[in-house]
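J.: What follows is the residue order along each chain.
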Amino acid sequence: MKRDPLKPKGGFYYYMQSTSGVVGAILLLFMVIVSICAVFGWLPHDPLEQNVEFAMKGPSSNFWFGTDEFGRDIFSRSLDGMRRSLTVSVSAVSIAATIGVTLGILSGYLGRWFDQLIVRLSDVIFAFPAILLALAIVSTLGNSWYQTALAIAVVYTPIFIRVARGPVLTVKEMDYVKVTRILGFSSLRILRKHILPNVTAPIVVQVALSLSWAILTESGLSFLGLGTQPPNASLGLMVSEAQPIAAFAWWALFFPSAFITIVVVGLNLVGDGLRDALDPARRSS
Amino acid sequence: MSNPLLSVSGLGISTVQDPRTLVNSVTFEIMPGEAVGVVGESGSGKTLTALSILGLLPRGVAIAGGSIIFNGTDLTKADPETMRNLRGSDISMVYQDPMTALNPVMKLGRQLLEVIESHEKLDDGSVARVEAVLREVGIPQVERAMESYPHEFSGGMRQRVMIAMALLLTPKLLIADEPTTALDVTIQQQILALVSEQRRKREMSMLWITHDLGVVANLVDRLIVMYAGNIVESGTVEEIFTNPQHPYTHGLLSSLPSRTDKSRKRLTSIPGVPQKPWLVGNTCAFAPRCFKATSECTASAPKLVGTLEKSVACFHPMGDK
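Chain order of the listed sequences is G and W. The opening residue of the first sequence carries number 1 in our numbering; numbering runs sequentially from there. The opening residue of the second sequence carries number 286 in our numbering; numbering runs sequentially from there.
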């Protein structure tokens, strides 16, 4: 179909214009496919299977990424670890974004005491370093995957409150929002259909960036022994476990670290790409 | 004579904290099917008066007294939900600047449907209803327009869409707050003609707010002249244009350029600047700038006296020509 030259170009067009966005999307897509393989168990070896015979072997045709000190396949474990990291961080960011955006929009729109309350509460959470607060929450709640996700969600909710609230303060003073009030629209309709769609751009970018931080936080927690518990695999935990043997088995440390790096870089690049695509002022053409 | 559709009496508007009067004891009526123009400088209280009818005064500003009776109910005592239902359906408003008054990320058809959905249930006929109104306000290729975003339209076209939004639920009263100031002159004339035509067809009452006397002359039946939060004169357009009684109205009219006057004289101006409404006190607000002012004018405030056809708040009216 021939495109109507008068029709505006869609967001996808602008996204594809951004090199970092495309590179990031490819990296991320790769990691998502890898995790899907782990979800369905399409792995060369059982990630938990120990085999002392093959302990600490370097990368080979049988064990692509080598094995650790218990003879477990690092390739399978890395894939399974990636799945776990993504599950935790996606759940955490979904919860944080849903609650944070709702509170942020309400807070910006309603103003007055409600705004004060929400902003002060998020300031309290902001006052703690993210990893420290997550640590405290996980050690109180427990460390199954959903409790870890919940802890990370609590830490990231205030960021979404701020990101959503700021633009609402601007948008609610726009003429088109005043017109909706003049024409008797209900507050719920104004918020949902006329304010939310006009503040999504920064929120979408924030989701991508928060995902990468959440993966780092999850890895950090696991590294410190509070997230995923052995014998299960998690990227952070694998890095932690590989520490004592890293001098003779570089692969045990290298591959999980590389996975963390790729997914975090990928998400950051996607965030950059989204920012470029969604902000008209940054569009090159 | 029938009952007025809208009857504002003794309406006062002031700030909530550190009370400052912004609009002082405004009284006027609008008959069913009648168009009334409100003229005045910026800060004379004309927009606040309109917003108070809609129950949408900005935060920190409130009605201090008086009543606004619309169709038998006092809007100053109505609860927020009643007011919300009234807005957009019985009382509607066309906004000043069409360039920013439409949601940039929503298709026009959807935005118009939102108006119906806010007050009634959408049904199979809703789309046809929206298309019919868009056709009436002169939008070409209505089907395509329904699927367009606001940025694809020019200012004049957007103002037509805004008018369509306001007319969609056939309001009894249409408030227009300087809807043509953001448009260029030729488009202005088209919009004025469109509004006039629609008003007659729908037998709708109208309150037209402007600072441009030239705009309202052919559009409204009666005029209200506001100065520093007070009505200084009101009457039929003909009376006010041919025989202004208040020195302020007189000054306004003589500062208008005329096409027939070839004498190349300088336009007359009114000396001084408008008084702040809250500093007026119990005097005639215009007294400091008035060439007819006497000690009587600063001793007490003149009351608006006269008939619907002609009334003036002045101790020393200009008198008949």
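Hints listed in this document are in silico derivations from the structure and should not be mistaken for laboratory results. Check before you lean on any hint, since a few could be wrong.
Partial pick of chain W residues on the chain G-facing surface, computed with a CB cut under 7 Å [as the list claims (entries may be wrong)]:
#: 1; residue: Pro365
#: 2; residue: Arg372
#: 3; residue: Tyr380
#: 4; residue: Thr385
#: 5; residue: Val390
#: 6; residue: Gly394
#: 7; residue: Val400
#: 8; residue: Lys550
The calculated DSSO-like cross-link candidates involving lysine-lysine, where the alpha carbons are at most 30 Å apart (straight line), are [unchecked claim]:
#: 9; chain 1: G; residue 1: Lys178; chain 2: W; residue 2: Lys595
#: 10; chain 1: W; residue 1: Lys392; chain 2: G; residue 2: Lys193
#: 11; chain 1: W; residue 1: Lys486; chain 2: W; residue 2: Lys588
What follows is a list of derived Cβ distance ranges for each label pair [claimed, not checked]:
#: 12; chain 1: W; residue 1: Lys406; chain 2: G; residue 2: Thr98; range: 42 to 50 Å
#: 13; chain 1: W; residue 1: Gly295; chain 2: G; residue 2: Thr98; range: 48 to 56 Å
#: 14; chain 1: G; residue 1: Tyr146; chain 2: W; residue 2: Val390; range: 31 to 39 Å
#: 15; chain 1: W; residue 1: Glu402; chain 2: G; residue 2: Thr170; range: 20 to 28 Å
Please read these numbers as outputs of a predicted model, since none were measured by experiment. In this text, a Cβ means the ideal position worked out from N, Cα and C, and glycines have one as well.
J.: With reference to the structure, classify each hint as holding or not holding.
T.: Consistency of the hints with the structure:
Against a cut-off of 7 Å between C-beta atoms, the interface hint on proline 365 (chain W) is violated, since the closest Cβ of chain G lies about 10 Å away. The criterion of a C-beta within 7 Å of any C-beta in chain G is met by arginine 372 (chain W), whose closest approach is roughly 4 Å, and the hint holds. For tyrosine 380 (chain W), the shortest C-beta to C-beta distance to chain G is roughly 5 Å, which falls under 7 Å, so the interface hint holds. Against a cut-off of 7 Å between C-beta atoms, the interface hint on threonine 385 (chain W) holds, since the closest Cβ of chain G lies about 4 Å away.
The closest approach between the C-beta of valine 390 (chain W) and any C-beta of chain G is roughly 5 Å, which is under the 7 Å cut-off, so the hint is satisfied. Nearest Cβ of chain G to the Cβ of glycine 394 (chain W): about 14 Å, over the 7 Å cut. The hint is violated. Because the closest C-beta pair between valine 400 (chain W) and chain G is about 5 Å apart, less than 7 Å, the hint holds. Because the smallest distance between the Cβ of lysine 550 (chain W) and any Cβ of chain G comes to about 41 Å, over 7 Å, the interface hint for this residue is violated.
With a C-alpha separation of about 35 Å, the suggested pair lysine 178 (chain G) and lysine 595 (chain W) falls outside the 30 Å cut-off, and the hint is violated. Using a Cα cut-off of 30 Å, the hinted pair lysine 392 (chain W) and lysine 193 (chain G) holds, with the two alpha carbons roughly 12 Å apart. Restraint check for lysine 486 (chain W) and lysine 588 (chain W): not satisfied, since their Cα atoms lie roughly 37 Å apart, outside the 30 Å limit. A hinted range of 42 to 50 Å for the beta carbons of lysine 406 (chain W) and threonine 98 (chain G) is inconsistent with their spacing of about 29 Å.
For the pair glycine 295 (chain W) and threonine 98 (chain G), the beta carbons lie near 50 Å from each other, so the given range of 48 to 56 Å is met. A beta carbon spacing of about 35 Å between tyrosine 146 (chain G) and valine 390 (chain W) agrees with the range 31 to 39 Å that was offered as a hint. With their beta carbons about 26 Å apart, glutamate 402 (chain W) and threonine 170 (chain G) fall inside the hinted range of 20 to 28 Å.
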